[in-house]
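Student: Chain by chain, the residues:
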Amino acid sequence: MAAQQPVPGTQTGLVIGEAEEFADASTRASVSIARDGRGGGAGRELPRKPFNFRRWFFATGWRHVVGILMVVFSLFPIVFVISSSLNPHGTLTGSNALFSAIGLESYVRILTDPQVPFLTWFGNTLMIAGITAVLTVFLGALAAYSFSRMRFTGRRFGLISIVVVQMFPQLLAVVAIFLLMSAIGDWFPAIGLNTHIGLIMVYLGGALGVNTYLMYGFFNTVPASIDEAAKIDGAGHARIFFTIILRLVAPILAVVALLSFIASVNEFVVASVLLIDTDKQTLAVGLTKLVSNPRYADWSAFSAGAVIAALPVVALFLFLQKYIVGGLTAGAVK
Amino acid sequence: MSTTIDDEVSVETPQKPTKKQRRAANIADAASGGLKMLLAKLLMLGLVDAIAIYGVIILASAEQWLVAAIVAVVAVIVNWIYFSRRKLPAKYLTPGVIFLVVFQVFVLVYTGYIAFTNYGTGHNGSKEQAVSSLMASSLQRVEDSPTYPVTVVDQGGTLGLLVTDPDGEALLGTNDEPLAPVDAEMDGDKAVAVDGWTTLQFGEVVTRTDEITALAVPFSDDPNDGALRTPDGSSAYLYLSNLEYDEAAGTMTNLDTGTVYSDIGTGAFTSDSGEELLPGWQIVVGFDNFVRAVTDERLAGPLVYVTLWTFAFALISVASTFFLGLFLAIVFNDMRMKGRKYYRVLMILPYAVPSFLSALIWAGMMNESFGFINQVLFGGASIPWLTDPVLAKFSVLLVNLWLGFPYMFLVCTGALQSIPEELQEAATVDGAKPWAVFRLIKLPLLLVSVAPLLIASFAFNFNNFNVIYMLTDGGPRDSNAPIPVGFTDILISMVYKVAFTGQTRDYGLASAYSIIIFVIVAVISVIAFRRTKSLEELN
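Just so you know, the sequences run in chain order A and B. Using this note's numbering, the first residue of the first sequence is number -3, and each one after it goes up by one. Using this note's numbering, the first residue of the second sequence is number 8, and each one after it goes up by one.
Be aware that one or more of the hints could be misleading.
[Stated by the list, open to error] DSSO-like cross-link-like pairs, simulated, lysine-lysine; straight-line CA separation at most 27 angstroms:
no.: 1; chain 1: B; residue 1: 345; chain 2: A; residue 2: 227
no.: 2; chain 1: B; residue 1: 48; chain 2: A; residue 2: 318
no.: 3; chain 1: B; residue 1: 134; chain 2: B; residue 2: 94
no.: 4; chain 1: B; residue 1: 48; chain 2: A; residue 2: 227
[Stated by the list, open to error] Which residues of chain A face chain B? A partial, calculated answer using Cβ under 8 angstroms:
no.: 5; residue: 63
no.: 6; residue: 166
no.: 7; residue: 234
no.: 8; residue: 258
no.: 9; residue: 295
no.: 10; residue: 310
Derived from the structure by calculation, the hints contain no laboratory data. No residue lacks a Cβ here, since even glycine has one placed at the ideal position from N, Cα and C.
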């Protein structure tokens, strides 16, 4: 995230003058001359002011209250699931006393239960989402490069139609996708229904879309003079694309790859329709079926699975946080 | 760009390159590619061509001429594009466009077609398939029929019966192929092996019993001649259907009851009293699905309240996440506050956890009798968070707020920080109070940049299947509706349930619902984009 700009005085309900706020901010830690009671504006003319709890509270303290409340709200399901995953043999009821028992048995259970091929699901998900992410970025970058650097008939039309087509999500056409893939499966069993390649191909149908738009915007920020300089030096379009442009736009490639990865991890509808065998399914499909009735499910084993499943995504997310925020807000701010 | 191929005059290319310039550019381009590039290109194209040729052969042998032709044409176009010196943009666009056309555009059109058919459980094949399937499912053993000695044979996974008829002649047939005479190796007066087929040994017969007992080898092309079935893999009996098919009249007659079922154009044999023989077959039914969706009382009711709830859900979700996110962005956009970074990381965690997991976890916590919220936070109360029609809606909105506010928080923070400081200073100098500065200056500017994202977020929530399905599964179920629909279902989850859950799958109706949603989404987006254009003019 870019360096923070101070934007004082925008807060609703905060009516202290701006000058005073700045003075307050710069002197809070410093030694005061004399405490002059609680009057908020009493020390206005003095360069240094004493620490005043009430003024501090109205300026920044209440923000901490909001922050703590929101952190509790944000974290409470996460803490709950971590707690129940550590519960050795918890049902849903048994998971309610947070951190009452600590053990890794439920992790062992979810990883070794022969009825629940968790590791297979996990591997399927990582593989499908990973390949989809890489290919989505590649196909999208190719398209974004041509839209950004070339002028051709139908360019505007192409850009607009990509956005329009994307407005109709694939899951609306899931019946047609199912019938299409089962027809393909009749002729080419290797890429039809119940195959990972088939699912990835369906996901790639969305490779040109919002992502291309995001990349297109970023490609435009790379000056065309770089291309021209390379061209004078004798580089062809392919060399310019693969060796120069792709490196310069690496941050947006990372963002798009991550967003696509997360989208595929979360995708349920198409995956549940296309992948029939339990061993072929993804985490979203498998885990959902596993706890379709939370009352009877092995809740702590599910929680352990959820923690394991969420870890790579959360880690990637936090690791790439800076870029994601940049990518999202670049869209917002233009 | 000197390598453009077009003749479109755009702002960026004020002058069209001359022919000479273009040729020079092409030569330079080709020269710079290098041998490695050329080899890679040839290799990739060779691979694509090999796959295409393989595909065409398979499709041609399955007599799918149209599809085979399409594959061939696409392969030719791809080769032409990549061997051409020109068509540069096409070289970059083709791979993505192929996937886009097949898996977005084509399936969209195909959805439109399915919406006009009766495709679904009981109607998923051709009329011939329906006839043979009906005949096969009503087979009954003929009393006192001769016993046919048989040998079970296998060819590439397909089982066949090698039959010796009472005259001592060998016949071979499968489920799909009627019996035909073959030259077989005889063991005494029983045929035991035939060229091209593997004879199953006793052990294999035992392990594949289910497949073998399901075999019904038609006697001839006429389904009325019956079929041979073997209960044990060594002797077969004649089975005749209790249905008789009259191809000329297009009727099915039940020989036991004498009821005549005729093809009255509804995709199934129907008796005079309206009784249908299923499976039927697939036909185009025109606007029937649409008419049924909006006029059948039991379907129209759910469609109306599901549509209303979908709008309410999407609007409230966008509004609640946006206002909470904006509020937090303002609260944490103050330089004097310490530890903002930590708050921010902790607050965006809900956005980082895969949403299907969060929704499942919330479903556990909101469980009426065992969930954390009732058991611990409400001291053992049994509040029906997910099973009461009204409370379930509230729960869905609450969980979606939890999932969505970090995104809005991030976006609003970015947007706020991009608003120039000077505006604020100028307003303050003019004597504006902070609230006025916010309401009259910052909020409008913020909305200009955030509005497209709000529309995108609305579109996303309009089809936010995961939250609904994982949390409540659309429940509580509406028991009056003939389709599996519940009080928190949104349109997209209703489509999914109509198409893929329950005893009867109605692809036609589901596709009709999809088309209805398409239309709604299209209308909204046109209106919304008009609106945002007018907002942009503010800037």
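Student: If a hint holds in the structure, say so; if it doesn't, say that too.
Tutor: Cross-check of the supplied hints:
1. Between residue 345 of chain B and residue 227 of chain A the CA atoms are separated by roughly 51 angstroms; this puts the pair beyond 27 angstroms, and the hint is violated.
2. A distance of roughly 37 angstroms separates the Cα atoms of residue 48 of chain B and residue 318 of chain A; the hinted pair therefore is violated under the 27 angstroms criterion.
3. Taking the CA atoms of residue 134 of chain B and residue 94 of chain B, the gap is near 47 angstroms; set against the 27 angstroms cutoff, the hint is violated.
4. Using a Cα cut-off of 27 angstroms, the hinted pair residue 48 of chain B and residue 227 of chain A holds, with the two alpha carbons roughly 21 angstroms apart.
5. With a cut of 8 angstroms, the hint placing residue 63 of chain A at the interface with chain B holds, because the nearest CB-to-CB distance is about 4 angstroms.
6. Because the closest C-beta pair between residue 166 of chain A and chain B is about 7 angstroms apart, less than 8 angstroms, the hint holds.
7. Of the supplied interface hints, the one on residue 234 of chain A holds, with its beta-carbon coming within about 6 angstroms of a beta-carbon of chain B, less than 8 angstroms.
8. Interface hint status for residue 258 of chain A: upheld, as the beta-carbon distance to the closest one in chain B is roughly 7 angstroms, under 8 angstroms.
9. At its closest, the beta carbon of residue 295 of chain A sits 6 angstroms from a beta carbon of chain B; the interface hint therefore holds under the 8 angstroms criterion.
10. The beta carbon of residue 310 of chain A is positioned within 8 angstroms of a beta carbon in chain B (closest approach about 5 angstroms), and the interface hint is therefore held.
When held up to the earlier numbered hints, the structure conflicts with 1, 2, 3 and fits the remainder.
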